[in-house]
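Residue-level listing of the chains:
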Amino acid sequence: MQTAVIVFPASNCDRDAAVALKKVTGRDPLLIWHRDTSIPGDVRFVVIPGGFSYGDYLRSGAIAARSPIIRDLVARAGTGLPVAGFCNGFQILTETGLLPGALLRNRGLKFVCRAQTLAVTNIESRYTSAYAGMDHVTFPVAHHDGNYFADDGTLNRLEQEGRVLFRYVGNPNGSARDIAGICNGAGNVFGMMPHPERAVDPLHGGTDGLGLFTSIVESL
Amino acid sequence: MPDPEITPDTIAEHGLSEDEYQVILERLGRAPNLIELGIFSAMWSEHCSYKSSRRHLQKFLTAGARVIQGPGENAGVIDIDDGDAAIFKMESHNHPSCIEPYQGAATGVGGILRDVFTMGARPVALMNALRFGAPDNHGTKSLIDGVVAGIAGYGNCVGVPTVGGETNFHPGYNGNILVNVMCVGLARTDNIFYCAARGVGNPVFYVGSRTGRDGIHGATMASAGFDGDGGEKRPTVQVGDPFTGKLLMEACLELMATDAIIAIQDMGAAGLTSSSVEMANKGGVGIELNLDHVPQRDRNMTAYEMMLSESQERMLMVIRPGREQLALDIFQKWELDAASIGQTTDTGRMVLVHHGKTVCDIPVAPLAGDAPDYDRPRASTKKRVPLPVADVPEPRDYRDALLRIMGCPDIASRRWIWEQYDRHVMADTIDSSQSGGDAAVIRIHNTHKAIAITTDVTPRYCHADPYEGGKQAVAETWRNLSAVGADPIAITNCLNFGNPEQPEIMGQFVGCIEGMNAACRVFDYPVVSGNVSLYNETDGAAIPPTPAVGGIGLIRDLSRRGTISGAEEGDTLIMIGETTGRLGSSVYLLRIMGREDGAPPPVDLESEKINGDYVRQLIRNRRVNAVHDCSDGGLIVAACEMALAANTGVALNPVGPGPHHGWLFGEDQGRYLLATAARSVNPVISTARDLGIKACSIGTFGGTGVSCGDILEVSLAELRTAHEDWLPDFMES
Numbered sequence: 002m003q004t005a006v007i008v009f010p011a012s013n014c015d016r017d018a019a020v021a022l023k024k025v026t027g028r029d030p031l032l033i034w035h036r037d038t039s040i041p042g043d044v045r046f047v048v049i050p051g052g053f054s055y056g057d058y059l060r061s062g063a064i065a066a067r068s069p070i071i072r073d074l075v076a077r078a079g080t081g082l083p084v085a086g087f088c089n090g091f092q093i094l095t096e097t098g099l100l101p102g103a104l105l106r107n108r109g110l111k112f113v114c115r116a117q118t119l120a121v122t123n124i125e126s127r128y129t130s131a132y133a134g135m136d137h138v139t140f141p142v143a144h145h146d147g148n149y150f151a152d153d154g155t156l157n158r159l160e161q162e163g164r165v166l167f168r169y170v171g172n173p174n175g176s177a178r179d180i181a182g183i184c185n186g187a188g189n190v191f192g193m194m195p196h197p198e199r200a201v202d203p204l205h206g207g208t209d210g211l212g213l214f215t216s217i218v219e220s221l
Numbered sequence: 002m003p004d005p006e007i008t009p010d011t012i013a014e015h016g017l018s019e020d021e022y023q024v025i026l027e028r029l030g031r032a033p034n035l036i037e038l039g040i041f042s043a044m045w046s047e048h049c050s051y052k053s054s055r056r057h058l059q060k061f062l063t064a065g066a067r068v069i070q071g072p073g074e075n076a077g078v079i080d081i082d083d084g085d086a087a088i089f090k091m092e093s094h095n096h097p098s099c100i101e102p103y104q105g106a107a108t109g110v111g112g113i114l115r116d117v118f119t120m121g122a123r124p125v126a127l128m129n130a131l132r133f134g135a136p137d138n139h140g141t142k143s144l145i146d147g148v149v150a151g152i153a154g155y156g157n158c159v160g161v162p163t164v165g166g167e168t169n170f171h172p173g174y175n176g177n178i179l180v181n182v183m184c185v186g187l188a189r190t191d192n193i194f195y196c197a198a199r200g201v202g203n204p205v206f207y208v209g210s211r212t213g214r215d216g217i218h219g220a221t222m223a224s225a226g227f228d229g230d231g232g233e234k235r236p237t238v239q240v241g242d243p244f245t246g247k248l249l250m251e252a253c254l255e256l257m258a259t260d261a262i263i264a265i266q267d268m269g270a271a272g273l274t275s276s277s278v279e280m281a282n283k284g285g286v287g288i289e290l291n292l293d294h295v296p297q298r299d300r301n302m303t304a305y306e307m308m309l310s311e312s313q314e315r316m317l318m319v320i321r322p323g324r325e326q327l328a329l330d331i332f333q334k335w336e337l338d339a340a341s342i343g344q345t346t347d348t349g350r351m352v353l354v355h356h357g358k359t360v361c362d363i364p365v366a367p368l369a370g371d372a373p374d375y376d377r378p379r380a381s382t383k384k385r386v387p388l389p390v391a392d393v394p395e396p397r398d399y400r401d402a403l404l405r406i407m408g409c410p411d412i413a414s415r416r417w418i419w420e421q422y423d424r425h426v427m428a429d430t431i432d433s434s435q436s437g438g439d440a441a442v443i444r445i446h447n448t449h450k451a452i453a454i455t456t457d458v459t460p461r462y463c464h465a466d467p468y469e470g471g472k473q474a475v476a477e478t479w480r481n482l483s484a485v486g487a488d489p490i491a492i493t494n495c496l497n498f499g500n501p502e503q504p505e506i507m508g509q510f511v512g513c514i515e516g517m518n519a520a521c522r523v524f525d526y527p528v529v530s531g532n533v534s535l536y537n538e539t540d541g542a543a544i545p546p547t548p549a550v551g552g553i554g555l556i557r558d559l560s561r562r563g564t565i566s567g568a569e570e571g572d573t574l575i576m577i578g579e580t581t582g583r584l585g586s587s588v589y590l591l592r593i594m595g596r597e598d599g600a601p602p603p604v605d606l607e608s609e610k611i612n613g614d615y616v617r618q619l620i621r622n623r624r625v626n627a628v629h630d631c632s633d634g635g636l637i638v639a640a641c642e643m644a645l646a647a648n649t650g651v652a653l654n655p656v657g658p659g660p661h662h663g664w665l666f667g668e669d670q671g672r673y674l675l676a677t678a679a680r681s682v683n684p685v686i687s688t689a690r691d692l693g694i695k696a697c698s699i700g701t702f703g704g705t706g707v708s709c710g711d712i713l714e715v716s717l718a719e720l721r722t723a724h725e726d727w728l729p730d731f732m733e734s
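Here the protein sequences line up with chains L and V, keeping their order.
If you read the first sequence in our numbering, its first letter stands for residue 2, the second for the next number, and so on.
If you read the second sequence in our numbering, its first letter stands for residue 2, the second for the next number, and so on.
It should be emphasised that the hints constitute simulated quantities derived from the structure, not laboratory data.
Just so it is clear, the structure is predicted and the values come from calculations on it, not from any experiment.
It is possible that part of the hints are untrue.
To be verified - 30 Å max Cα-Cα, derived DSSO-like pairs, lysine-lysine:
#1 K24(L) - K450(V)
#2 K111(L) - K142(V)
#3 K23(L) - K383(V)
#4 K23(L) - K334(V)
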């Protein structure tokens with residue numbers, strides 16, 4: 002199955018995402034440069050990787066969300082193409098409007114990098130089905146701007162519609178309602194601050210991240 | 002603008018002595034103009050020329066079977082089998098960090114990254130060795146805050162994991178903190194890049210950030226002491242842009258995959274001056290630059306400013322004729338400014354043209370080759386007498402002493418620092434600060450092998466006895482690498498000292514080098530790169546001698562490595578090495594008795610070597626569940642660290658009737674603690690004894706606390722609180 006990773010100038014988890022995708026699909030993902038204008042038709046799943054796309058200048062993800070590739074990404078996501086953003090990828094997805102809310106500076110004001118326990122709050126989604134029977138997973142977090150914010154109406158709607166897929170156990174950044182990862186209404190676009198792609202190998206200290214990739218790939 | 006006259010004041014302001022100026026007159030056969038004087042002053046600064054240290058650095062063992070490139074290039078290169086090379090270096094950014102901690106530390110990281118990728122390596126790990134003043138000194142807290150944020154700000158953005166390091170606090174650094182950063186990169190042995198320019202008429206390209214007025218004369222600033230008013234020097238501090246640093250790294254690595262680059266050099270200290278002189282000098286060619294083509298941040302920059310600016314994120318390269326467009330296309334892809342600003346020549350001269358006028362025309366060779374080389378007078382540090390255990394009081398309460406030591410500034414957890422560093426970007430970090438282990442372990446992508454990295458020095462020991470302290474710094478890196486099962490290969494270093502014009506300081510410097518070198522030779526553990534930082538003093542008070550050492554080792558099979566955390570309930574705790582109870586210059590003496598006297602523990606290099614060789618063999622044969630070296634705080638601290646890492650208690654057997662403080666807190670060198678399953682205990686101990694290695698069973702893992710007979714008993718929870726809370730509480734106080 003063909004997957005793809007979008008690469009921005011200062012993406013830095015693009016290789017990590019590619020390794021995880023290859024592990025699950027058996028095939029190297031396409032690396033799509035942000036200045037390209039279209040995502041090839043045979044791509045079935047797109048990852049927007051972590052990093053500092055444009056050095057976090059202006060706002061994390063704000064400049065990347067205006068890159069040439071984004072127009073096609075938004076269009077294809079609108080027709081159901083699964084798109085997942087991790088860390089900076091999540092920030093970019095909120096800046097494009099594909100996901101609601103925004104990621105503010107961490108409440109503690111400092112960059113935080115630690116192994117983070119997450120509660121899997123909805124195992125019915127296309128990104129979490131493999132976690133059936135697992136209440137908790139551990140993924141690394143590594144971010145400065147991971148404090149999820151949205152107005153109460155949005156937060157209520159996310160909860161009512163089962164779109165909060167992961168919550169922090171021990172909130173590292175001040176995120177509203179401990180939200181760590183959310184999806185869009187159609188369930189094909191997903192974003193989270195933690196890094197599932199850094200938990201796919203026993204030598205990473207755990208393989209909890211694999212389930213996320215197998216869930217979405219098996220849903221296709 | 003008329004050329005200003007060179008007065009004695011101008012010469013002094015450039016940090017040049019009268020004698021040095023006379024040499025310039027001789028070499029040129031005329032007086033230099035201001036630009037030429039500025040170029041000589043930068044190249045002959047302590048920072049660039051190593052004029053006080055050069056002759057002593059030459060004593061180091063620098064050759065070895067795995068050495069591909071020793072000192073003298075941007076970084077050292079070692080062979081790590083299968084066509085892989087590790088490229089690494091450590092560098093100081095002390096003076097800038099004292100003045101402006103965030104930018105000083107950030108640009109330190111940027112600079113060391115460039116040193117490594119300039120040679121063709123993709124950086125895979127960053128380390129840092131930090132020394133701050135006493136916690137209660139005014140400003141310590143804000144310096145820690147700024148330095149850590151600066152390191153995090155640069156490394157995290159560039160996407161290279163910061164995987165380990167060390168932090169000390171001592172009043173000796175009150176006016177002059179130390180920020181040493183290390184970078185390790187990986188390359189293929191057949192694709193390493195050097196700075197020597199070749200050929201005549203080849204284009205010289207400038208790539209990266211535009212040149213601004215920042216950091217002018219940074220190298221000269223870093224070659225003088227502080228007078229307590231560092232604020233005035235703020236304009237000499239450079240400003241980092243990690244985003245551009247990342248683009249520059251990716252662009253260079255992409256270009257290095259082609260055949261376009263003949264030579265490449267980053268613009269670090271003394272910017273365009275030192276990079277162009279180095280390239281020309283190493284290649285034995287001349288260089289001609291047209292400064293009108295230099296990308297500039299500001300209109301009306303003078304030639305003097307352009308040549309001495311230390312604007313960050315800039316590279317100079319000699320491009321193969323015919324490949325110019327290929328290079329420009331790659332730079333454009335990465336949105337970088339790039340320009341051809343000159344060419345190599347056969348004149349052996351450095352010629353600069355600005356606004357159609359030749360503004361500098363000087364021979365290259367004297368700039369590099371004729372830099373002063375001083376044999377400064379030195380006075381040896383007076384030897385201290387060893388401190389007998391009987392002369393050191395026992396603690397009133399062992400339990401209380403242990404908790405105080407676990408939570409003292411020297412030993413307490415550095416979590417507050419390393420949680421701000423992205424330790425696992427690139428997804429090849431196997432072990433890092435997070436575990437509290439002895440060395441960071443980074444997998445070589447797509448393989449089962451790894452490199453191990455550590456940085457060490459114990460300034461208390463170096464201050465007490467430079468020679469023994471120098472030996473110990475090297476030995477501790479060697480021990481830390483051995484403790485994770487890595488074969489130690491080579492070191493880099495960063496030699497931080499006071500004013501070399503003072504004989505006592507020069508005595509410390511030479512003493513440390515000789516001690517380090519003695520250890521390097523016994524371990525066959527060469528120095529492949531390094532950096533010297535002198536004039537670390539404020540108002541005449543020098544820092545403690547601090548020769549930081551960065552060691553690299555190779556783990557051939559990641560399934561056979563050592564960790565601090567693997568102890569299991571029921572495992573036996575085995576001590577390798579001899580304990581006599583050395584309390585001189587120990588953490589116990591400092592933190593419990595408030596004293597810093599006594600000779601430091603001596604390092605017996607021969608037993609250090611056989612002990613380490615044996616521990617690595619045990620790890621490889623899967624005879625041990627956990628390993629930890631014994632260092633600051635002695636065996637009880639090491640045992641507590643293993644217990645905390647495994648979340649399993651440990652009961653130590655008391656030895657003899659006491660007193661016990663020498664046994665528990667003594668800092669005898671060459672020791673390791675092992676956690677060994679019952680069936681392996683006898684073979685581990687008997688084989689050790691056959692090899693002439695001291696080994697004995699000293700306790701058993703299990704339970705929820707650490708105890709030693711009826712001398713002390715403390716729960717893991719209390720230990721953890723004492724260990725974890727000090728730094729965050731201090732930073733938030």
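Q) Does the alpha-carbon distance linking K24(L) and K450(V) stay inside the 30 Å limit? A) holds (19 Å)
Q.
Just to be careful, I want the Cα atoms of K23(L) and K334(V) compared with a cutoff of 30 Å; is the pair within it?
A. At roughly 27 Å apart (the allowed maximum being 30 Å), K334(V) and K23(L) satisfy the hint.
Q. K23(L) and K383(V): Cα distance at most 30 Å?
A. violated (62 Å)
Q) Are the Cα atoms of K111(L) and K142(V) separated by 30 Å or less? A) holds (15 Å)
In summary, the one numbered hint that this structure violates is 3.
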